[in-house]
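**Student:** Single-letter residue listing:
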Amino acid sequence: MTKTTVFSAKKIVTMNPNRPEASHVAVREGRILGVGDLSELEVWGEYTLDERFAGKVLMPGFVEGHAHTMEGTLWRYVYCGFFDRMDPNGKSWDGLKSIEAVLERLSEAESKMDDPDAPLSGWSLDPIYLDNKRVTRQDLDKVSSTRPIGVLHASGHILNVNTKALELAGLMKTGINHPGMPLGADGIPTGELYGPDTMTPVGVHVGFNRSLTDSDEQGLRDFGKLCVRTGVTTITDLAARLEDDGVEAMLRVTGEPLYPARVVPLKFFMGATAQETVDRVLELKEKATDMCRLGRIKAVADGSIQGFSARMRWPGYHNGAPNGLWYTAPEQLAELYRAALKADIQVHTHTNGDEATEMVLDTLGPALKDVPHPDHRFTLQHCQLADGAQFRRMKALDMCVNLFANHHFYWGDEHYRLTVGPERALRMNACRTALDTGVPMAIHSDAPVTPLGPLFTAWAAVNRITASGRTQGEGEKIAVSEALRAITLGAAYTLHMDDEVGSIEVGKKADFAVLEDDPREMSGDALKDAVVWGTVQGGRVFAAADL
Amino acid sequence: MIPVTVVGGYLGAGKTTLVNHLLRNANGLRLAVLVNEFGELAIDEDLIEAQDEDVISIAGGCVCCSFGSDLTAALGDMAAMDPPLDHVLIESSGVAIPSSIVNSLVFMPAFRSDGIVILADAETVQKSARDKYMGDTVTRQITDADIILLNKVDLVSKVTLDATRAWLQVQNRAVRIVECTQSTVPPETVLDSFIGRVRTGGAHLEAAHLDMLTLMPTGAVDADDLAAALADEGAGLVRAKGFVTRGDGRKALIQVVGRRFEVTDASDDKADGVVCLGFRDVMSKAALEVLV
Numbered sequence: 001m002t003k004t005t006v007f008s009a010k011k012i013v014t015m016n017p018n019r020p021e022a023s024h025v026a027v028r029e030g031r032i033l034g035v036g037d038l039s040e041l042e043v044w045g046e047y048t049l050d051e052r053f054a055g056k057v058l059m060p061g062f063v064e065g066h067a068h069t070m071e072g073t074l075w076r077y078v079y080c081g082f083f084d085r086m087d088p089n090g091k092s093w094d095g096l097k098s099i100e101a102v103l104e105r106l107s108e109a110e111s112k113m114d115d116p117d118a119p120l121s122g123w124s125l126d127p128i129y130l131d132n133k134r135v136t137r138q139d140l141d142k143v144s145s146t147r148p149i150g151v152l153h154a155s156g157h158i159l160n161v162n163t164k165a166l167e168l169a170g171l172m173k174t175g176i177n178h179p180g181m182p183l184g185a186d187g188i189p190t191g192e193l194y195g196p197d198t199m200t201p202v203g204v205h206v207g208f209n210r211s212l213t214d215s216d217e218q219g220l221r222d223f224g225k226l227c228v229r230t231g232v233t234t235i236t237d238l239a240a241r242l243e244d245d246g247v248e249a250m251l252r253v254t255g256e257p258l259y260p261a262r263v264v265p266l267k268f269f270m271g272a273t274a275q276e277t278v279d280r281v282l283e284l285k286e287k288a289t290d291m292c293r294l295g296r297i298k299a300v301a302d303g304s305i306q307g308f309s310a311r312m313r314w315p316g317y318h319n320g321a322p323n324g325l326w327y328t329a330p331e332q333l334a335e336l337y338r339a340a341l342k343a344d345i346q347v348h349t350h351t352n353g354d355e356a357t358e359m360v361l362d363t364l365g366p367a368l369k370d371v372p373h374p375d376h377r378f379t380l381q382h383c384q385l386a387d388g389a390q391f392r393r394m395k396a397l398d399m400c401v402n403l404f405a406n407h408h409f410y411w412g413d414e415h416y417r418l419t420v421g422p423e424r425a426l427r428m429n430a431c432r433t434a435l436d437t438g439v440p441m442a443i444h445s446d447a448p449v450t451p452l453g454p455l456f457t458a459w460a461a462v463n464r465i466t467a468s469g470r471t472q473g474e475g476e477k478i479a480v481s482e483a484l485r486a487i488t489l490g491a492a493y494t495l496h497m498d499d500e501v502g503s504i505e506v507g508k509k510a511d512f513a514v515l516e517d518d519p520r521e522m523s524g525d526a527l528k529d530a531v532v533w534g535t536v537q538g539g540r541v542f543a544a545a546d547l
Numbered sequence: 001m002i003p004v005t006v007v008g009g010y011l012g013a014g015k016t017t018l019v020n021h022l023l024r025n026a027n028g029l030r031l032a033v034l035v036n037e038f039g040e041l042a043i044d045e046d047l048i049e050a051q052d053e054d055v056i057s058i059a060g061g062c063v064c065c066s067f068g069s070d071l072t073a074a075l076g077d078m079a080a081m082d083p084p085l086d087h088v089l090i091e092s093s094g095v096a097i098p099s100s101i102v103n104s105l106v107f108m109p110a111f112r113s114d115g116i117v118i119l120a121d122a123e124t125v126q127k128s129a130r131d132k133y134m135g136d137t138v139t140r141q142i143t144d145a146d147i148i149l150l151n152k153v154d155l156v157s158k159v160t161l162d163a164t165r166a167w168l169q170v171q172n173r174a175v176r177i178v179e180c181t182q183s184t185v186p187p188e189t190v191l192d193s194f195i196g197r198v199r200t201g202g203a204h205l206e207a208a209h210l211d212m213l214t215l216m217p218t219g220a221v222d223a224d225d226l227a228a229a230l231a232d233e234g235a236g237l238v239r240a241k242g243f244v245t246r247g248d249g250r251k252a253l254i255q256v257v258g259r260r261f262e263v264t265d266a267s268d269d270k271a272d273g274v275v276c277l278g279f280r281d282v283m284s285k286a287a288l289e290v291l292v
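From first to last, the protein sequence lines are chains A and B.
Quick note: the first sequence uses this note's numbering, first residue 1, plus one each step.
Quick note: the second sequence uses this note's numbering, first residue 1, plus one each step.
It should be emphasised that the hints constitute simulated quantities derived from the structure, not laboratory data.
A virtual CB, placed ideally from N, CA and C, is assigned to each residue, including glycine.
Treat the hints with caution; some may be incorrect.
Just the calculated beta-carbon pair ranges, DEER-fashion [what the hints assert, rightly or not]:
1) B:E262 with A:A185: 25 to 33 Å
2) A:N319 with B:G28: 28 to 36 Å
3) A:G421 with B:E206: 31 to 39 Å
4) B:E262 with A:P322: 49 to 57 Å
5) A:E286 with B:E262: 51 to 59 Å
6) A:N177 with B:R165: 24 to 32 Å
7) B:P109 with A:S481: 32 to 40 Å
8) B:S157 with A:G365: 29 to 37 Å
9) B:K285 with A:G421: 58 to 66 Å
The calculated lysine-lysine pairs, modelled on DSS-like cross-linking and capped at a C-alpha distance of 30 Å, are [unchecked claim]:
10) A:K395 with B:K132
11) A:K133 with A:K173
12) B:K127 with B:K158
13) B:K127 with A:K369
14) B:K158 with B:K132
15) A:K369 with B:K251
16) A:K342 with A:K395
17) B:K251 with A:K342
18) A:K528 with A:K10
19) A:K528 with A:K91
20) B:K270 with B:K285
21) A:K395 with A:K369
22) A:K97 with A:K10
23) A:K133 with A:K97
24) B:K158 with A:K173
Taking the hints into account, I'd like the entire structure generated from these sequences.
**Tutor:** Rendered as structure tokens:
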């Protein structure tokens with residue numbers, strides 16, 4: 001006889017309108033056998049009553065629809081961010097409010113290193129918050145002049161290095177003429193490197209190489225811990241190279257008996273033709289397991305807004321910067337969409353600027369005429385600048401959207417002041433418009449770009465407060481209940497997984513976020529402070545405190 | 001240093017055909033072709049000797065490698081090849097900005113730029129440059145070019161061809177435009193490593209309205225002045241390469257790609273002589289000889 005466990009809770013918030021709240025949930029074989037009060041569940045026969053959640057609130061396990069598992073790997077480097085942030089082991093690192101504080105933390109880490117030649121690596125630096133003062137190689141030389149040092153910016157698009165690192169890369173010289181490598185008064189690089197062209201050749205000397213985007217086994221395990229601490233039970237890895245080694249490692253780690261999160265890795269459309277990519281993903285789909293959902297594609301249309309590489313419609317960037325870069329040509333995207341629709345493979349497409357969004361809409365429309373595919377759920381990721389007309393076209397094409405709610409908090413002020421100006425900044429990540437238009441919507445963190453934490457993401461969408469404390473875009477706020485749906489069923493829908501996860505109802509995975517508070521009863525501005533006890537994933541209990 | 005030529009142009013302009021043409025006429029030159037992805041580059045099957053995941057070996061010692069998203073790493077591999085390569089050709093993607101690839105060579109001390117060659121489809125280039133999405137990218141590729149291979153000229157009328165040439169000249173005043181069909185140009189046009197080699201095949205210079213001649217200096221010359229003069233539009237050159245002796249007796253290597261030129265020190269054993277590839281109707285031996 002299969003064992004049944006019945007969990008009691010102070011409250012179970014199901015997200016199922018037929019039974020919005022309950023006191024007990026029965027779990028068998030990692031799935032939900034029933035939700036109700038104890039007497040209703042007794043019809044299922046013998047059970048063990050587990051009362052450890054008697055004082056807790058259970059919600060459907062959160063679904064993070066846009067993150068990168070490399071966050072787990074980055075935590076082995078020194079955290080240099082402005083905001084407080086929790087690491088996989090539950091330690092909260094204080095945000096650093098000055099360059100001096102950054103140097104101090106790096107020095108502390110440096111003093112603990114044994115190998116004198118090993119590189120020292122930091123991450124999540126953001127000079128925007130440090131009075132926009134630039135970090136120089138001389139600054140980092142104060143930490144060490146003998147070992148190479150590199151600190152990656154929060155955006156991931158800039159790297160600061162010290163003199164030793166430049167030496168190792170053969171760049172401690174004059175006469176370098178490259179837009180991504182500013183020079184000091186002495187004609188020698190300042191140590192600030194912009195974009196992959198300059199970051200890659202120096203990055204290898206300071207611990208940042210390209211394969212960083214494929215998290216290693218330890219990184220993936222650490223990432224799992226972060227999921228438990230934030231209530232996440234299903235998470236995407238939204239652009240992995242997914243070569244054989246990486247896939248094997250991912251299957252191995254997610255297959256470990258105590259791995260706590262279902263990982264949904266998307267194959268990056270890059271360096272192979274559309275048909276090759278689709279064929280590869282069909283092959284990967286065969287290897288998919290319950291805990292590792294291979295079988296989807298991620299394409300990238302343009303760059304980032306704060307990096308001025310997003311493609312903007314008229315009138316372009318607020319500060320007059322030239323239009324950004326295409327990463328994929330419309331013809332290539334058209335080919336991918338057709339091939340993927342034929343093969344029944346879902347494609348998520350990164351767009352930031354509104355011209356990129358327009359291009360995707362213009363491209364998917366004809367593809368769907370050629371290859372009609374009901375319920376395709378092709379999803380626009382970020383889609384930060386879309387306006388009302390574009391949301392109406394998304395609706396007409398049956399697209400989904402996953403908006404970057406966290407971005408609004410972290411870079412909203414910058415967008416208002418510099419990149420897109422006040423009017424367009426107000427409409428960024430237009431959750432209200434998406435819902436009113438009827439476009440299925442999720443919201444995301446893009447961890448490690450911003451910290452993983454669906455309740456924070458929900459808070460960001462509800463309040464639209466920027467880092468400086470301004471409310472930006474009153475008209476695009478959404479209700480707490482809508483935000484909670486976006487981080488559960490909403491995100492599950494964009495992954496074609498809403499039949500399995502996203503709500504607590506019979507037949508679904510026994511995936512719960514275990515909370516100390518009921519977020520629906522907290523005021524919207526306190527949402528981010530809801531305390532996460534841990535998770536239940538596939539019926540297995542993971543307490544954050546025990547990790 | 002290994003010379004690197006960046007070959008760009010929008011999708012369908014004829015880049016793959018050009019690469020096959022060059023590989024077929026490599027004539028002993030060890031050429032490496034770096035492509036973003038193999039799928040796009042249909043290497044003619046009869047050229048392939050062996051193939052593994054990232055490298056295709058071509059008859060005659062050439063190789064073709066896909067670099068995916070990491071060009072820097074691929075170039076690192078190329079620099080380490082044994083026996084060493086003579087030339088690297090990077091086929092940039094249809095949306096790439098070629099000058100940013102050339103800019104990044106500054107971080108790869110083993111390489112030097114041999115210029116940007118852009119293929120333009122005579123039939124469609126103006127339309128592509130007006131495209132709602134890709135227009136500015138296509139225009140940027142054209143303005144980045146040192147040499148434009150105006151391809152598929154057989155498919156357009158003389159009037160259209162003249163108008164397209166004029167339009168290209170407006171976009172990029174000093175660019176050298178070489179007309180061709182099916183991407184067939186003398187290999188020297190694309191890769192300076194071919195200059196001065198004995199030719200065995202490839203496209204005929206005549207067909208491309210080109211000529212090649214060798215300037216033999218009669219004595220010492222000012223290498224910088226000479227290089228600048230050869231790069232001047234009026235001289236009618238596409239490329240030039242060769243050695244001269246300076247006033248102080250030192251040898252110099254002159255390399256000219258379109259309007260750009262470079263003069264570097266050379267070893268004493270080099271024999272004087274500068275090979276010039278230019279437009280038959282414009283380049284004048286008499287006028288050039290005045291310079292030396």
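**Student:** Taking the hints in turn, state whether each one holds.
**Tutor:** Hint check:
no.: 1; hint: B:E262 with A:A185: 25 to 33 Å; in the structure: holds (27 Å)
no.: 2; hint: A:N319 with B:G28: 28 to 36 Å; in the structure: violated (53 Å)
no.: 3; hint: A:G421 with B:E206: 31 to 39 Å; in the structure: violated (58 Å)
no.: 4; hint: B:E262 with A:P322: 49 to 57 Å; in the structure: violated (28 Å)
no.: 5; hint: A:E286 with B:E262: 51 to 59 Å; in the structure: holds (54 Å)
no.: 6; hint: A:N177 with B:R165: 24 to 32 Å; in the structure: holds (31 Å)
no.: 7; hint: B:P109 with A:S481: 32 to 40 Å; in the structure: violated (60 Å)
no.: 8; hint: B:S157 with A:G365: 29 to 37 Å; in the structure: holds (34 Å)
no.: 9; hint: B:K285 with A:G421: 58 to 66 Å; in the structure: holds (59 Å)
no.: 10; hint: A:K395 with B:K132; in the structure: holds (23 Å)
no.: 11; hint: A:K133 with A:K173; in the structure: holds (24 Å)
no.: 12; hint: B:K127 with B:K158; in the structure: holds (17 Å)
no.: 13; hint: B:K127 with A:K369; in the structure: holds (25 Å)
no.: 14; hint: B:K158 with B:K132; in the structure: holds (27 Å)
no.: 15; hint: A:K369 with B:K251; in the structure: violated (66 Å)
no.: 16; hint: A:K342 with A:K395; in the structure: holds (21 Å)
no.: 17; hint: B:K251 with A:K342; in the structure: violated (63 Å)
no.: 18; hint: A:K528 with A:K10; in the structure: holds (20 Å)
no.: 19; hint: A:K528 with A:K91; in the structure: holds (18 Å)
no.: 20; hint: B:K270 with B:K285; in the structure: holds (23 Å)
no.: 21; hint: A:K395 with A:K369; in the structure: holds (15 Å)
no.: 22; hint: A:K97 with A:K10; in the structure: violated (40 Å)
no.: 23; hint: A:K133 with A:K97; in the structure: holds (12 Å)
no.: 24; hint: B:K158 with A:K173; in the structure: violated (51 Å)
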